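**Q** Protein sequence lines, in the order shown, are assigned to chains S and U.
Going by our numbering, the first sequence wraps up at 222, each residue one higher than the last.
Going by our numbering, the second sequence wraps up at 1243, each residue one higher than the last.
Keep in mind the hints are simulated off the structure, nothing from the lab.
Among the hints, erroneous ones may be present.
Said to hold, decoys possible - Every beta carbon over 12 Å from chain U, so not counted as near; a handful from chain S, in silico:
1) GLN13
2) VAL18
3) GLY78
4) VAL84
What the hints assert, rightly or not - Quick list of simulated restraints, FRET-style, between CB atoms:
5) U:LYS1118 to S:PHE204: 55 to 61 Å
6) S:VAL207 to U:PRO1111: 27 to 33 Å
7) S:PHE204 to U:GLY1133: 48 to 54 Å
8) S:ARG156 to U:GLU1110: 27 to 33 Å
9) U:ALA1188 to S:LEU135: 30 to 36 Å
10) S:GLN125 to U:GLU1110: 34 to 40 Å
11) U:ARG1077 to S:ARG17: 29 to 35 Å
12) U:LEU1140 to S:GLY39: 46 to 52 Å
13) S:LEU23 to U:LYS1177: 44 to 50 Å
14) U:MET1074 to S:ILE164: 53 to 59 Å
15) S:VAL193 to U:ARG1077: 33 to 39 Å
16) U:GLY1133 to S:ILE164: 36 to 42 Å
17) S:VAL18 to U:PRO1217: 51 to 57 Å
Nothing here was measured: the structure is a model prediction, and the numbers come from that model.
All C-beta atoms in this analysis are idealised placements derived from N, C-alpha and C, irrespective of residue type, glycine included.
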Amino acid sequence: MSWMKSLFVREYQLANRVGGGALIGVLFFLAVVTIFPFGVGPDMILLSRIGAAILWIGALLATLLGLDRLFQADREDGSLELLVMSGRSLELVVLIKCAAHWAATGLPLVLATPVLSLFVGLDFQSIVLVTLTLLVGAPALTLVGAVGAGVTVSMRRGGVLLSILVIPLAIPILIFGVSAATAGAIDSNNFLVPFLFLCALTLFGLVVGPLAAAAALRVSGE
Amino acid sequence: MVVSGAMNQLKLVCQGVACDRGGRRVLNHVDLEVGSGEALIVQGPNGVGKSSLLRVIAGLVAKANGTITLEGGMPERSVAEHSHYFGHLDALKPLQTVLENLSFWRSFFEPAEFGDGKVRESMSELEALDTLGIAHTSSLPAGYLSAGQRRRLSVARLLVVPRPVWLLDEPTSALDKASEEVLLGLIADHIHAGGLVVAATHLPLNLPNTKFLNLSPVTTESEHMFAGDDLDDYFDEPEQDEG
């Protein structure tokens, strides 16, 4: 068990020490959310209606921002080879790396959401719902992104390809996340069904993400 | 004693190992045997497949043909999981301190038994750094180390986690004369302790109980074969016997 803890601690430390860590993601999130009111215009009713979607898309893009380095940095310095031949389950290694990456970069996005919600004119109930859906759904974005990161690990500029691969897979997460947040704000009875689907997607990602990413990493040494 | 000793030996056996990289055959029919307390030095000119051979044994590159077994090893674990791979890359995180880097690999790597069913005692992080003469850097970020110091820190990983098989790819590159002596001493200690070493190098290494494997370039005939020529012609080619 202690190896899992030391891997988590190391990944968390590295994610925070590299290039501004959590702050970069949050600033990017801020930038994306801020440009929407400029594009849409000062229509508060329209903004608050699409506010949840803006926040979700902002969080999706901010999550993708750092994911290309998830395994690439390890591949470039030779750590990945050692992770593969360490005798530890590569699936668990991927899962722990995702958990640490999410704790370092995904969680700050969730924590920033209530503040950024004010920019798009959400009321209190919507702020709570958007934050809650992101808390539950954003890990799924990281897990799906990890598959893309595993597949593109050997590419020098894999970040763009990663986004192209991952964004279609993120559509279901986006649909259920946004519909839970917006439907819940209108009538709280409509909240539970899409929210449970969102939970299911995260649990699905929890299983499939590490398996697929580990399979991709195993053949990356070629 | 001798009999039970023989029963407790490890033996790395490769038979007919072949490997393709980038659609080209780089290794062909390689046979080798290394036992506990022995070193095998893989020699040959650049590009002959020395590194590929080590990477195949380490399980990092899929082999196209042949078998690789570790006789006397832990049955549920692969050859790679008995091995340390010491390649061209140092696997260091420049933003972590020297000690953090080493402690991580120490706690992360699963130790492997030597042939006698025991896990050997390993050095602590500071002992290993001290042995390699970089103890004074232990609280520096690894990014500040020189190439030779990075290399030595990478060697320290082999000392803090006991594993019987050491796969060393050009182990002495970037090391000065004194550090090279230290490293060769450590490899010799590992061999005397019942470990086994496969080292790829184009420089002479002064190690005890050494065997040699001379790799020669895969012949053009076999490249033709790879393009679809007769299989028998190809396997009749004498291999790895010059040098």
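**Q** Now, for every hint given, state plainly whether the structure supports it.
**A** Evaluation of the provided hints:
Not every Cβ of chain U is farther than 12 Å from the Cβ of S:GLN13; the closest lies at roughly 7 Å, contradicting the non-interface assignment. Once the 12 Å rule is applied to beta carbons, S:VAL18 is inconsistent with being away from chain U; the minimum gap is 6 Å. Residue placement check: S:GLY78 does not keep its beta carbon more than 12 Å from all beta carbons of chain U (closest about 3 Å). Annotated as non-interface, S:VAL84 brings its C-beta within 12 Å of a C-beta of chain U; the closest such distance is 7 Å.
Between U:LYS1118 and S:PHE204 the beta carbon distance is about 44 Å. The supplied range of 55 to 61 Å is therefore violated. Range check, S:VAL207 to U:PRO1111: Cβ separation about 30 Å, and the 27 to 33 Å hint holds. In this structure the supplied range 48 to 54 Å holds for S:PHE204 paired with U:GLY1133, their Cβ-Cβ distance being about 51 Å. With their beta carbons about 32 Å apart, S:ARG156 and U:GLU1110 fall inside the hinted range of 27 to 33 Å.
A beta carbon spacing of about 56 Å between U:ALA1188 and S:LEU135 contradicts the range 30 to 36 Å that was offered as a hint. The hint said 34 to 40 Å for the Cβ distance between S:GLN125 and U:GLU1110, and at roughly 50 Å that hint is violated. Between U:ARG1077 and S:ARG17 the beta carbon distance is about 34 Å. The supplied range of 29 to 35 Å therefore holds. Separated by about 48 Å at the C-beta atoms, U:LEU1140 and S:GLY39 satisfy the suggested range of 46 to 52 Å.
A beta carbon spacing of about 46 Å between S:LEU23 and U:LYS1177 agrees with the range 44 to 50 Å that was offered as a hint. Checked against the hint of 53 to 59 Å, the pair U:MET1074 and S:ILE164 fails, with Cβ atoms roughly 43 Å apart. A hinted range of 33 to 39 Å for the beta carbons of S:VAL193 and U:ARG1077 is inconsistent with their spacing of about 47 Å. Under the hint 36 to 42 Å, the C-beta atoms of U:GLY1133 and S:ILE164, about 49 Å apart, miss the expected range.
At about 42 Å, the beta-carbon gap between S:VAL18 and U:PRO1217 misses the expected band of 51 to 57 Å.
Consistency with the previously given hints fails for numbers 1, 2, 3, 4, 5, 9, 10, 14, 15, 16, 17, ordered from lowest to highest.
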